[in-house]
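K.L.:
Protein chains in written order, with our numbering: chain C, 1 to 427; chain Y, 1 to 427; chain B, 1 to 427.
Any given hint might turn out to be false.
A pair counts as met if it fits within one copy or between any two copies, since identical chains are not told apart.
As the list claims (entries may be wrong) - No farther apart than 30 Å at their CA atoms in a straight line, the calculated lysine-lysine pairs in the DSS-like style are these:
id, residue 1, residue 2
1, Lys-385, Lys-416
2, Lys-58, Lys-106
3, Lys-41, Lys-131
4, Lys-406, Lys-280
5, Lys-90, Lys-134
6, Lys-209, Lys-118
7, Lys-236, Lys-69
8, Lys-280, Lys-90
9, Lys-393, Lys-274
10, Lys-58, Lys-274
11, Lys-106, Lys-236
12, Lys-119, Lys-274
13, Lys-74, Lys-393
14, Lys-98, Lys-276
15, Lys-385, Lys-106
16, Lys-119, Lys-330
17, Lys-330, Lys-280
18, Lys-236, Lys-393
19, Lys-274, Lys-385
20, Lys-416, Lys-118
21, Lys-236, Lys-353
22, Lys-69, Lys-406
23, Lys-7, Lys-236
24, Lys-353, Lys-69
25, Lys-276, Lys-385
26, Lys-7, Lys-207
27, Lys-276, Lys-131
Hint data in this document are derived by calculation from the structure and do not stem from the laboratory.
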Amino acid sequence: MHQLAAKLFPISRSITGQGFRDSLVILDNELGNIMKFHEIKSGEAVFDWIVPDEWNVKDAYIITPDGRKICDFKQNNLHLLGYSQPIHAKLSLDELSKHLYSLPNKPDAVPYVTSYYKKRWGFCISQNERKTLKDGIYEVFIDSTHDKNGVLNYADFIIPASNNTNDEILISTYLCHPSMANNELSGPVVATHLAKWLRERERERVKLKYNYRFVFIPETIGSIIYLSRNLTHLQKHVKAGFNLSCVGDDLAYSLIHTPNANTLADKAAMHVLKDKPNFKEYDFLDSGSDERQYCSPLINLPVCGICRSKYGEYESYHTSNDDLNFISQKGLEGSLNAMCEIIKTLEINAVYKNTVFCEPNLGKRGLYPTLSTTTNDKSTYYYRKFLALCDGKRDCIDIANRLNIKAYELENVVQKLLENGLISDEI
Amino acid sequence: MHQLAAKLFPISRSITGQGFRDSLVILDNELGNIMKFHEIKSGEAVFDWIVPDEWNVKDAYIITPDGRKICDFKQNNLHLLGYSQPIHAKLSLDELSKHLYSLPNKPDAVPYVTSYYKKRWGFCISQNERKTLKDGIYEVFIDSTHDKNGVLNYADFIIPASNNTNDEILISTYLCHPSMANNELSGPVVATHLAKWLRERERERVKLKYNYRFVFIPETIGSIIYLSRNLTHLQKHVKAGFNLSCVGDDLAYSLIHTPNANTLADKAAMHVLKDKPNFKEYDFLDSGSDERQYCSPLINLPVCGICRSKYGEYESYHTSNDDLNFISQKGLEGSLNAMCEIIKTLEINAVYKNTVFCEPNLGKRGLYPTLSTTTNDKSTYYYRKFLALCDGKRDCIDIANRLNIKAYELENVVQKLLENGLISDEI
Amino acid sequence: MHQLAAKLFPISRSITGQGFRDSLVILDNELGNIMKFHEIKSGEAVFDWIVPDEWNVKDAYIITPDGRKICDFKQNNLHLLGYSQPIHAKLSLDELSKHLYSLPNKPDAVPYVTSYYKKRWGFCISQNERKTLKDGIYEVFIDSTHDKNGVLNYADFIIPASNNTNDEILISTYLCHPSMANNELSGPVVATHLAKWLRERERERVKLKYNYRFVFIPETIGSIIYLSRNLTHLQKHVKAGFNLSCVGDDLAYSLIHTPNANTLADKAAMHVLKDKPNFKEYDFLDSGSDERQYCSPLINLPVCGICRSKYGEYESYHTSNDDLNFISQKGLEGSLNAMCEIIKTLEINAVYKNTVFCEPNLGKRGLYPTLSTTTNDKSTYYYRKFLALCDGKRDCIDIANRLNIKAYELENVVQKLLENGLISDEI
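Please build the complete structure, drawing on both the sequences and the hints.
P.N.:
This is how it looks when you write it as structure tokens:
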């Protein structure tokens, strides 16, 4: 996964443009070419928004009075203010300064700044470098285009359920950030490998109870477009969803709840994440990524945000320090495993009910010792206790929470009880 | 407010009689003569009670064996047992003693004692003075009348809503205590100034969403009478109510909850008071004033008790030490401000719902920066977060509690979002 | 009660057989012969189970190589593995060892072990004695019978309500254990004395609101049989039930909740037990006695488990150390008193509603002082507060919990308010 991130890292991406398209293709190749690509024309209205013109950049830099090239887009695409207008001009340092963005409290970092919806041009520079700039005439050059006849791109695909259900689990992530690693190559990379894991299970004939919808979009405008085009379907069929963002470090596990923290997505994610190291639970008010759109009042989809260190909570967030060293294979794997556990939890989860009055005779079925002893046999404990709680109302997550284990660890118990006809999902 | 209390202080009041009427007139003059005066005849049945005969006192005192006048009603009306029968007699100290009331554990205080519903006569005296009384013949003189053809008086008025609503907020207070300051001149004084503040807002053309019903009654029998005459109307229209008592000191803020602590009155009062210094929350079981009647099971109005130091919880309660020094202008103002905040909370409170799918584009409306930065702009924060929580179910208090600010501080946010058509109260 | 336990102690009991029948007769004699005896034939199917063959034992022992008789059933019936097959054979120590049961971590105790549903023979022995056994040939002798034409016995009786109600309280206990005292002679002994207490009240013409159903069964198979034969009736009429087990020591009070901890049984038991010394609250997952059957999902009766030290939680559990010294008259009485309090709580418990608008005039009924004072009169406090909370929704337990007293302590208050027509149970 880290190699995939490294491959994507240098590409200049924004919410529109060639870099976004190139990045989608790299991910699709990793997936075995299952993505469906979509586009929407610049200028089209989506809910309260207008799709911005497609932005592409050939080059951008500043020439200092002493002839040095600085803020070179080709060296680090973060140097260019996102969606900068083209310019070729000579300016005094004072005039230039109005177009420079730096972070006094993070002096070594180049900040990530954009201006999608208001025409601006500018460069991002570290505070340390900015302080070295001397008076004189600076040449600024930005060779960018804003194409009114362009498009905004995104992609999705579905890994289908084994049955005829329309129920879906939504996995959404975004790919519109330039050269930063955790935010946001980690999300697309983990989502891609999660899809690969699901397809692997398909090949191993593990049954899938849900359709899994994967969505790769530019942040905010992308989810707004996606919702505007798929709202009825999503509101009808999505049973739980997760927005993956900042899932590449190994410092914490974070869950951003839906507004009422009461959906199946919250329940399954809590069940899995609550025992992870450095787990942090965030209120919906702390949301800052596409879960804001998915959970907005009139949309109201059951979509949580999943992070390691949450966006905005780590030092290098939205700067050049969020690089390939900040994320790690171990961090990415931790996120992938957590998502696999969440999916296994959703897959096992169901409501069952006893078929037999009173406790059944487990001993004659080899599920309980025939000799009484004073010690509890843990291997048979869960048969008895699952049956005790299995009342046609509690689902497997409820029962697992009460038993203080993970729902997916009950897979064998559920399987054996079903085989023996002791429980049924016909409530 | 303290001056108004001082003007009322010397008047001899009881649940009936001229002193109560005189006190109402003083408050009405302060209000600009908007009170409606009501009376009910002595002997009339109200629910489980009978309106007592009207009691008036011309004079009352004791002459000691050595000729000194003590327990002089004209010096301090607390000396006379409330509703004392008339008497003019000579008695031994032993016989007199059966009619003297004092507090051994508060030896300097004259206690406040009444016997409304059983015929008694008596004097209240400090324990210190009582101990100085020597054997001998005492002359007792009480020139009081109990008029079977009298009346019990009370007053109310309504400050009307700006719209055609019938919804009411009830402010109730009582005025039946003789010369004590916190309990109970503070309640009528604060209620009077709260009404003045509301009328001031009327003049400033601030819209009122509710009708405000102010009630000035004798305690207990007064609220029982008021309810017996207005029950259907009150049960239909009162959305929240507050009984003001002991609101003149500056030592604490107290809320006495309704029986289930779940009405709009509880919610609005908690929202405002919870962050006040020395806030104390009391169960309905601790109620001791007219909220007992308003919240009794078959009445079941949403009426909380509001106090500073709660009745019964402070040392000078129901004694001559509850005087004009125990209350203060600062204390009265703190109560007035809290009530104004509660009213502003009720006025702003409503349930709104987004009109737009997904987050709206706040930037184009000047409600959000057009340049992305890594810092949260607090001035725009509340627009976004209010919209995020504004789901047609949460009211403004719910949202403000979640945002950890006061609902009335959201006034500008709500106003701007309404102006921009981004929220609507048509759920 | 301790004497009754001592009388029952030496009898060899199992889930079937003469010892169980003899024990029932002893209890029935104590009760004045009110039990109804029932039997079910061996081999009959009950829900998922088959009634086992009736087991009886004439003798059982081992002769050591040096001619000593050990593991003598007649000295201590725990020495024989429950439901052992008959055998008369000579064996090496190695071969014998496969049939010996001991507890290495409790070396002085003879364990209690059974094998009801798989054919085995064996002896239980203390680890200390086992270690003294030397190589050589051992003679084992078990003279037991397993009668296919036998029966399983149990008994029940009802102490009827004073009115025509069908509502029942279920008291269940079990009697299938051989010579152990707490588990389980304490349950039958306390249940017997609880029934005697109820009959005493009957004689004193105390009205009973409920029918009290007492059930004496063998554990597990007994409750399964009882439920299979009475399920419709029990599901329709049982309002609360309690399984009594391990109620003879004086170390703790334990409550094993129903699965959702929300039935009248949980509520009444919590109300009484929560203030007992060393009270411990257990989740239904900790259940291990007949409440497992009563609360199993398709049965779903409101039956809690009541213990002093819970089964499995005390050192001597299921060993020869659970003897007559472990239980005490004081312990048994504590349990009996707690059960009496629970029954008094259930009997007093009802939902009442005020009949009068506002507070009634308690003074004219002698339920409130006619003279105001600054002290709360506790004797009248409960009249006022009961009325304040008596809203047609809260029951007496709710009100008592709020008032921080016991519901049965409100008996006089409820009585006086009913007599005065101030409350009514016609909601």
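K.L.:
A separate judgement is required for each hint: does it hold in the structure or not?
P.N.:
Hint by hint, here is what the structure shows:
Taking identical chains as interchangeable, the C-alpha atoms of Lys-385 and Lys-416 lie at most 30 Å apart only when both belong to the same chain, with a minimum of 14 Å there against 48 Å between chains. For the identical chains of this complex, Lys-58 and Lys-106 are intra-copy neighbours only, at 29 Å inside a copy versus 83 Å across copies, given an alpha-carbon limit of 30 Å. Taking the shortest alpha-carbon separations for Lys-41 and Lys-131, neither the intra-copy value of 42 Å nor the inter-copy value of 88 Å comes in at or below 30 Å. Within a single copy, Lys-406 and Lys-280 get their C-alpha atoms as close as 19 Å, and across copies as close as 27 Å, so both meet the 30 Å cut-off.
Taking the closest pair of Cα atoms, Lys-90 and Lys-134 come within 30 Å of each other only inside a single copy of the chain (15 Å); across copies the shortest separation is 107 Å, beyond that limit. Taking the closest pair of Cα atoms, Lys-209 and Lys-118 never come within 30 Å of each other, the shortest separation being 45 Å inside a single copy and 40 Å across copies. In the homo-oligomer, the alpha carbons of Lys-236 and Lys-69 never lie at most 30 Å apart, since the shortest distance is 54 Å inside one protomer and 77 Å across protomers. In the homo-oligomer, the alpha carbons of Lys-280 and Lys-90 never lie at most 30 Å apart, since the shortest distance is 49 Å inside one protomer and 67 Å across protomers.
For the homomeric pair Lys-393 and Lys-274, the shortest alpha-carbon distances inside one copy (23 Å) and between copies (29 Å) are both at most 30 Å. Proximity of Lys-58 and Lys-274 under a CA criterion of 30 Å is satisfied in neither setting, with 46 Å inside one chain copy and 59 Å between copies. Taking the closest pair of Cα atoms, Lys-106 and Lys-236 never come within 30 Å of each other, the shortest separation being 46 Å inside a single copy and 61 Å across copies. For the homomeric pair Lys-119 and Lys-274, neither the shortest alpha-carbon distance inside one copy (44 Å) nor that between copies (47 Å) is at most 30 Å.
In the homo-oligomer, the alpha carbons of Lys-74 and Lys-393 never lie at most 30 Å apart, since the shortest distance is 59 Å inside one protomer and 51 Å across protomers. For a Cα distance limit of 30 Å, the shortest separation of Lys-98 from Lys-276 qualifies neither inside one copy, at 45 Å, nor across copies, at 46 Å. With identical chains, the CA atoms of Lys-385 and Lys-106 are at most 30 Å apart between copies only, with a shortest distance of 28 Å across copies and 55 Å within one. For the homomeric pair Lys-119 and Lys-330, neither the shortest alpha-carbon distance inside one copy (41 Å) nor that between copies (54 Å) is at most 30 Å.
For the identical chains of this complex, Lys-330 and Lys-280 are intra-copy neighbours only, at 19 Å inside a copy versus 44 Å across copies, given an alpha-carbon limit of 30 Å. For the identical chains of this complex, Lys-236 and Lys-393 are neighbours both inside a copy (23 Å) and across copies (21 Å), given an alpha-carbon limit of 30 Å. Within a single copy, Lys-274 and Lys-385 get their C-alpha atoms as close as 22 Å, and across copies as close as 26 Å, so both meet the 30 Å cut-off. In the homo-oligomer, the alpha carbons of Lys-416 and Lys-118 lie at most 30 Å apart only across protomers (22 Å), although the nearest pairing inside one protomer, at 62 Å, exceeds that limit.
Proximity of Lys-236 and Lys-353 under a CA criterion of 30 Å is satisfied in both settings, with 26 Å inside one chain copy and 21 Å between copies. Neither within a single protomer nor between protomers do Lys-69 and Lys-406 lie at most 30 Å apart by alpha-carbon distance, with minima of 57 Å and 53 Å respectively. Proximity of Lys-7 to Lys-236 under the C-alpha cut-off of 30 Å is found in neither arrangement, the shortest distances being 37 Å within a copy and 69 Å between copies. With identical chains, the CA atoms of Lys-353 and Lys-69 are never at most 30 Å apart, being 72 Å at best within one copy and 52 Å at best between copies.
When the C-alpha separation of Lys-276 and Lys-385 is checked against a cutoff of 30 Å, the pair qualifies both within a copy, at 25 Å, and between copies, at 29 Å. In this homomeric assembly, Lys-7 and Lys-207 never come within 30 Å of each other (Cα to Cα): the closest approach is 33 Å inside a single copy and 62 Å across copies. In this assembly of identical chains, the alpha carbons of Lys-276 and Lys-131 never lie at most 30 Å apart, being 43 Å within a copy and 48 Å across copies at closest.
The structure shown violates the earlier hints numbered 3, 6, 7, 8, 10, 11, 12, 13, 14, 16, 22, 23, 24, 26 and 27.
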